[in-house]
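Protein chains: 2
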Amino acid sequence: MSQGPGPLVIIGGAEDKTGRCTILQEVIALAGGQTARVLVMTVATELPLEVGAEYVRVFEKLGVSDVRTFDVSKREDADVASAIHAIEKATCVFFTGGDQVRITELLGGTKMDTALHIANDQGLVLAGTSAGASMMSSTMIEEGKAETNPRIGIVNMAPGMEFIAGVVIDQHFAQRGRLGRLLSAVAQYPHHLGLGIDEDTAVVVKKSTFRVIGRGAVSVVDASALTYSNLSTVSENGDLALCGVTLSVLPSGYEFDLRERRPIPKTDTVSNK
Amino acid sequence: MSQGPGPLVIIGGAEDKTGRCTILQEVIALAGGQTARVLVMTVATELPLEVGAEYVRVFEKLGVSDVRTFDVSKREDADVASAIHAIEKATCVFFTGGDQVRITELLGGTKMDTALHIANDQGLVLAGTSAGASMMSSTMIEEGKAETNPRIGIVNMAPGMEFIAGVVIDQHFAQRGRLGRLLSAVAQYPHHLGLGIDEDTAVVVKKSTFRVIGRGAVSVVDASALTYSNLSTVSENGDLALCGVTLSVLPSGYEFDLRERRPIPKTDTVSNK
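Respectively, the protein sequence lines represent chains A and B.
Note that my numbering numbers the first sequence so that position 52 is 59, with each residue one more than the last.
Note that my numbering numbers the second sequence so that position 26 is 33, with each residue one more than the last.
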């Protein structure tokens with residue numbers, strides 16, 4: 008795992024913004040509580056003003072006084088000194104939803120990209136929801152079909168922003184029927200664990216483990232122990248046959264060791280073996 | 008497996024009725040081809056005339072001249088001699104979609120129920136789609152929430168019609184995001200394999216094996232080797248933690264051995280192990 012000492016909070020989209028705000032409260036707590044300095048990055052969305060304003064309202068309602076927004080609508084925006092300064096000053100950078108390709112195209116390789124990695128290595132909390140979640144990994148799902156069986160052609164992969172290694176992330180997981188596309192994504196590259204994160208649910212990643220928070224669950228899809236597949240013979244857009252995928256479903260409070268590819272036993276839980 | 012020598016065709020709903028009709032063609036082929044005698048059972052639906060007429064049109068279009076419909080709107084309908092005679096005369100009984108509880112409530116324990124089991128033991132092809140698929144097993148999903156993580160309270164189980172043992176069937180699987188509810192169903196009773204059948208997809212069951220046909224895939228969810236769960240401590244409506252579920256996804260042409268709980272190797276497929 009390559010991410011720095013700063014935790015990642017990877018959110019499956021549609022996090023609660025009106026009730027107890029469990030996930031956003033956790034983001035704030037990790038970033039220093041009421042003294043957190045939050046920078047909301049709206050690069051993924053084409054509605055930066057509306058989306059940015061909503062997060063400013065929510066974070067302020069939750070007691071954070073220092074909330075700013077930063078938008079990148081052309082690559083030059085992410086190379087100016089004020090952009091680097093904004094990141095250096097923040098204790099948390101929060102990526103909103105939108106289109107993950109906007110993040111990699113507009114931010115990838117800029118000075119702000121470098122600054123984000125340096126800051127995360129030094130403790131910056133990096134949070135992202137929906138598109139802001141997908142872009143966290145080294146290889147990301149760019150786009151794909153939902154509500155389908157796994158097929159070779161239904162998911163397009165692309166390089167991500169490399170804040171976390173070894174995983175491919177999908178969001179809105181249960182709500183949008185994305186098992187098929189996540190299986191398609193990990194089947195060809197079983198090095199990656201597939202993390203299917205439900206809405207209003209997040210993983211908090213520290214070093215090589217994550218903990219689940221929020222209302223839904225995180226499905227971990229591990230294709231490393233496939234007993235059988237048709238990967239070597241299936242044609243483009245052909246149906247995948249995958250046997251022996253290991254699936255774990257973890258609700259709030261459960262932890263997973265990404266390096267060992269297994270859940271971490273919970274003391275109040277009875278093991279069946 | 009308790010089903011007789013007559014094959015079962017268990018369809019995940021929304022089977023093609025206007026194009027190549029792969030699944031309905033297979034039903035006809037199993038039942039004797041153009042000389043098949045098909046009885047369409049509309050007991051599951053509250054629109055028996057419309058639904059029945061549609062299947063009569065389709066089967067006739069596919070070359071079957073002897074297609075009849077039979078509806079059961081009260082239990083007495085299923086005890087009359089003409090009902091038994093209709094089943095004895097048929098080479099295939101096809102259960103339409105609707106509500107699986109209507110099937111078990113209106114047909115369960117009637118003389119027609121007995122006649123169906125006897126006829127299936129003697130070679131009758133038994134097909135069912137959607138609700139007509141769910142009712143096939145000994146324990147069935149009565150109703151449940153979709154697009155959610157697995158939770159104890161989200162799925163209601165009920166006794167089914169016992170045409171096949173050892174499985175719990177869910178339909179419209181990928182299309183309606185039903186992984187969570189199928190996991191919930193099998194987690195508590197890992198004796199059952201969960202079969203998640205996509206739309207326009209079916210399993211053809213003969214003895215203790217099935218073969219997949221149609222456009223989508225069948226997901227086999229096996230909770231027998233759970234490495235870890237919170238089943239013994241979770242409360243009603245609590246979130247389930249399930250680790251080590253074995254998942255296999257099988258598209259058209261693939262076979263599965265229900266008794267051995269494993270896919271049957273396919274000669275044109277390369278095993279990874």
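Any given hint might turn out to be false.
You can't tell identical chains apart in this list, so a pair holds if it fits in one copy or across any two.
[Unchecked claim] In silico lysine-lysine, BS3-like type, Cα no more than 30 angstroms apart, as pairs:
(1) K273 with K152
(2) K24 with K81
(3) K214 with K81
The set of hints was computed from the structure by calculation and includes no laboratory data.
Non-conforming hints, listed in increasing numerical order
Hint 3 contradicted; others consistent.
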